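Protein chains in written order, with my numbering: chain A, 41 to 546; chain B, 113 to 456.
For the record, the hints were derived by calculation from the structure and aren't laboratory data. Keep in mind it's a predicted model, so treat the numbers as computed, not measured. Every residue, glycine too, gets a C-beta built ideally from N, C-alpha and C. It is possible that part of the hints are untrue.
[Claimed, not checked] Residues on chain A that point at chain B, a partial pick, calculated with CB under 8 Å:
{"id": "1", "residue": "Gly-178"}
{"id": "2", "residue": "His-225"}
{"id": "3", "residue": "Gly-235"}
{"id": "4", "residue": "Pro-310"}
{"id": "5", "residue": "Ile-366"}
{"id": "6", "residue": "Gly-387"}
{"id": "7", "residue": "Arg-389"}
{"id": "8", "residue": "Ile-499"}
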Amino acid sequence: MELNPATLLELFWHSLSMWWLIIPAVMIGILMGAIPGFAAHNTIIMLLPLTLVFDVDLALTFMVALYCASHLGGGIPAILLNIPGTGGAAATTLDGYPMSRAGLAAKALALSFVASVVGGLITAGITLFLLPFLSQVGFHIRSVEMVVIMLFGLALIAAIAAQDMLKGLIAGAFGLMLGAMGADHIYATPRGTFGILELFDGVPLVPALIGLFAISEALVMLERRTIAKTNAAQVTPTWPQSLRNIFHAFKHGWTIAWSSVLGLVIGVLPGAGASIAAFVAYQQARIFSKTPEKFGTGHEPAIVAPEAANNGVTTGTLVPLLAIGIPGGSTAAVMMVVLQYHGVPFGPRLFITEPLLAYGVIMSMFVAYLFMLVTMFPMARYLSRITVVATYYMAPLIVAFTLVGAFVPRGFMTDIAIAVAFGVIGYVARKTGYHVAAILIGVILGPLIERSFLLTMRIHGNDLMALFSSPIGNVLWGLLALTLILPPILHRRAHRRGKAEADDVY
Amino acid sequence: MPKPIRPTPPALPRRRFLQSSGAVVAGAAGLAALAGPGTAFGQAFPSRNLEIVIPTGVGGGADRDARAFTQVWGRHLDTNFEFGYYPGAAGQVGYEFYMNREPDAHSVLFANLGPEVIMLELQDTGIEIGRDIVYIQQTLSEPMAVWVGPNSPFRSIEHLVEEARRRPVTVSVSRLPHPASIGMLALGEELGVEFVLVPYGGGNPSAMAAITLEVDCCALPITNTIVLDDQARVLGVFADGNPTPAETDDAPTINAALGTAIPPLSSSRAWGIHRAAYDAYPERVQILKDSMAATLADPEYPDVVTGTGVPTAFIDAGDEAVAMATAESMRTLARRFRTLLSGS
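Start from the sequences, fold in the hints, and give me the full structure.
Shown next as structure tokens:
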């Protein structure tokens with residue numbers, strides 16, 4: 041099937057005709073994405089019996105719409121409550137929550153929604169036309185390159201540590217230690233599990249995330265009356281103000297476009313995901329920013345970059361399934377179950393036997409993002425009111441909802457205890473000035489770096505020089521070195537120049 | 113008006129699927145567990161939903177085969193099915209969790225007799241086949257295969273071995289305790305060449321590594337290659353004969369191509385149950401066995417299996433004696449290659 045304007049229009053109308061399915065899927069996705077632990081993957085598994093009885097095109101449309109919307113939803117609690125709904129929204133808390141505390145929640149939400157929707161639209165459009173080329177990314181980015189990409193994300197710890205170097209690095213190292221728990225990747229030998237079976241597969245991300253962010257935040261929250269220091273009237277914008285907030289967010293178009301493409305590429309890579317994409321995008325936005333010192337204080341580009349990236353990942357994870365026949369992530373794996381159940385071939389054969397279905401999946405994503413465009417106006421206006429709800433109502437609700445969320449992904453009661461334990465760790469960390477995001481980065485990226493590193497060593501006979509054996513890898517190493525070395529040099533130079541100018545004045 | 117997309121019809125009519133496979137609850141393990149046990153059908157057994165424990169992740173081969181089986185099983189056993197996925201530590205997590213379930217025959221394990229039996233033999237789990245778990249029904253068996261991606265320079269198994277004589281050849285495998293891993297180690301041992309096994313932690317990432325040429329080749333159960341179609345070129349099969357030559361590039365058996373004497377290596381799916389339940393509730397176990405056998409004899413089962421992309425040649429119905437014998441042969445192999453597989 042050739043992708044000409046007529047075909048595209050046909051695909052578009054067909055996807056649009058499923059509005060009755062896309063709108064509820066978007067609503068469910070936003071809601072579930074906003075509750076830590078539920079997210080797209082778990083919600084889709086819960087709804088699998090329902091999707092299995094749909095026709096296959098309806099089932100896939102429902103799933104992709106829900107999947108995309110959950111990434112948008114994940115940013116809402118990250119901004120309003122300092123609790124990321126998904127791992128991909130963890131980086132959003134760094135600047136989103138400070139904006140909320142300053143009474144700018146509506147503006148932060150508008151930035152997040154615009155970045156998510158525009159990022160999703162851009163990457164869905166790119167994927168539609170460049171799918172065969174995108175599928176080639178995996179041929180060039182392998183374990184060696186993945187080690188460097190993960191290090192880009194890990195470098196964010198150094199950025200966080202910039203405010204208090206020692207505490208930042210201790211928090212990052214602590215996170216990496218926690219991430220090392222579980223069975224080793226090669227021989228499956230348990231390490232640091234204390235005999236707890238639930239830790240054999242490593243520290244579970246969702247309970248860790250819920251504990252570090254949600255439980256600890258609920259405890260800290262109780263020390264003040266409301267999240268925002270302002271009243272309801274001040275945090276709730278008028279309709280024209282909401283509209284202005286939305287239009288204002290488009291000023292970050294370049295950051296949104298670049299970060300979403302970064303997310304798309306990372307999403308295509310096996311083993312990578314929204315968390316990595318968001319951390320890397322945040323770090324890159326900071327590196328290329330003229331005001332990197334504002335990151336972490338409620339800076340606008342620091343919200344749009346991770347949100348655009350984690351929505352770019354959504355289409356990326358479908359590329360391996362559609363182009364090669366191998367699911368690129370857990371949500372794609374569930375989609376494969378549906379295709380298998382309906383006897384529909386996947387991979388390149390899907391484009392031969394069911395081209396409308398194959399391209400229709402991507403077009404459905406595009407259309408789902410269009411529908412989200414409409415939903416964001418009321419959400420950007422009213423959701424910010426959460427920040428002025430009394431914390432003695434909010435805190436118990438957060439604890440109750442998120443503890444259920446900790447239980448849902450694996451169905452282990454122990455995961456609730458793990459979430460509480462991480463909650464205590466998070467509370468102590470917050471009260472003593474250690475950054476919980478640095479701990480979480482270590483927990484998420486530690487096992488992934490270890491896996492890629494061990495695979496590289498295994499493939500190259502334990503030769504450490506193999507890490508520098510790939511041209512793309514070497515370019516990435518160079519960029520990594522630059523991103524670590526240049527900012528302090530430029531900062532020092534700017535500082536000297538400022539001092540010299542001040543001296544000239546006097 | 114746009115032309116509507118015409119999906120392939122489902123293997124079973126939807127209404128029947130809803131009735132038979134517990135569509136309302138299957139897969140929703142978390143919510144189901146929160147909500148408590150399911151409702152009874154007013155019969156002695158099963159008096160509640162049947163829980164299916166899968167020691168690997170959602171969307172994998174075990175998930176595919178278990179779902180295919182339950183599509184038909186629901187017609188022979190009047191209950192709903194709840195799926196639970198417990199991947200981790202080469203299957204150990206799933207087995208440990210299964211052992212913690214109430215041993216009343218309302219919970220069954222969908223096992224992969226190849227890798228999981230090897231894992232139980234190599235890892236200190238404390239779970240012993242026969243003493244703690246009994247495999248009561250074998251459903252499918254498939255041989256292991258060596259294969260490469262479409263862009264690989266290797267055209268035949270001889271070509272691959274020739275390369276292995278010059279340098280260590282890398283092989284992506286799902287995990288070290290696996291029949292495919294044993295096959296490659298045995299091949300290397302017989303020919304005096306080195307195959308470096310690279311465990312990717314699952315069939316999908318292993319396949320991806322071979323297709324993207326990160327490794328030289330891949331060793332997995334042969335169905336993976338059939339599902340991948342032209343993304344995989346099979347070089348050899350660890351069996352006495354290739355059961356599906358048309359779907360696997362008419363690949364030769366390893367022994368025929370290289371003159372080796374490696375025992376047939378296969379992976380069999382089987383239903384397992386607690387030994388305690390087996391002893392305490394023989395009548396319940398008999399109901400399970402009878403309904404499983406009826407499922408395998410059901411003319412609709414091969415259609416459902418074909419619908420998932422698995423050739424019917426791999427349907428390998430075997431009773432408890434057959435399943436336990438398969439498990440025992442895997443234990444023997446695991447003991448032989450213990451050092452290489454465990455790194456000890």
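Checked hints:
1. Annotation: Gly-178 of chain A was flagged as interfacial toward chain B, and the flag holds, the nearest CB pair being 5 Å apart, inside 8 Å.
2. About 7 Å separates the beta-carbon of His-225 of chain A from the nearest beta-carbon of chain B, less than 8 Å, and the hint is met.
3. Because the smallest distance between the Cβ of Gly-235 of chain A and any Cβ of chain B comes to about 11 Å, over 8 Å, the interface hint for this residue is violated.
4. Satisfaction of the interface hint for Pro-310 of chain A is found here, the shortest Cβ-Cβ separation to chain B being roughly 5 Å, below the 8 Å cut-off.
5. Hint on Ile-366 of chain A holds. Least Cβ distance to chain B is approximately 5 Å, under the 8 Å limit.
6. Taking 8 Å as the C-beta cut-off, the interface hint given for Gly-387 of chain A holds, the closest approach to chain B being about 6 Å.
7. Interface hint status for Arg-389 of chain A: upheld, as the beta-carbon distance to the closest one in chain B is roughly 6 Å, under 8 Å.
8. Against a cut-off of 8 Å between C-beta atoms, the interface hint on Ile-499 of chain A holds, since the closest Cβ of chain B lies about 5 Å away.
In terms of the numbered hints stated before, the structure departs from hint 3 and from no other.
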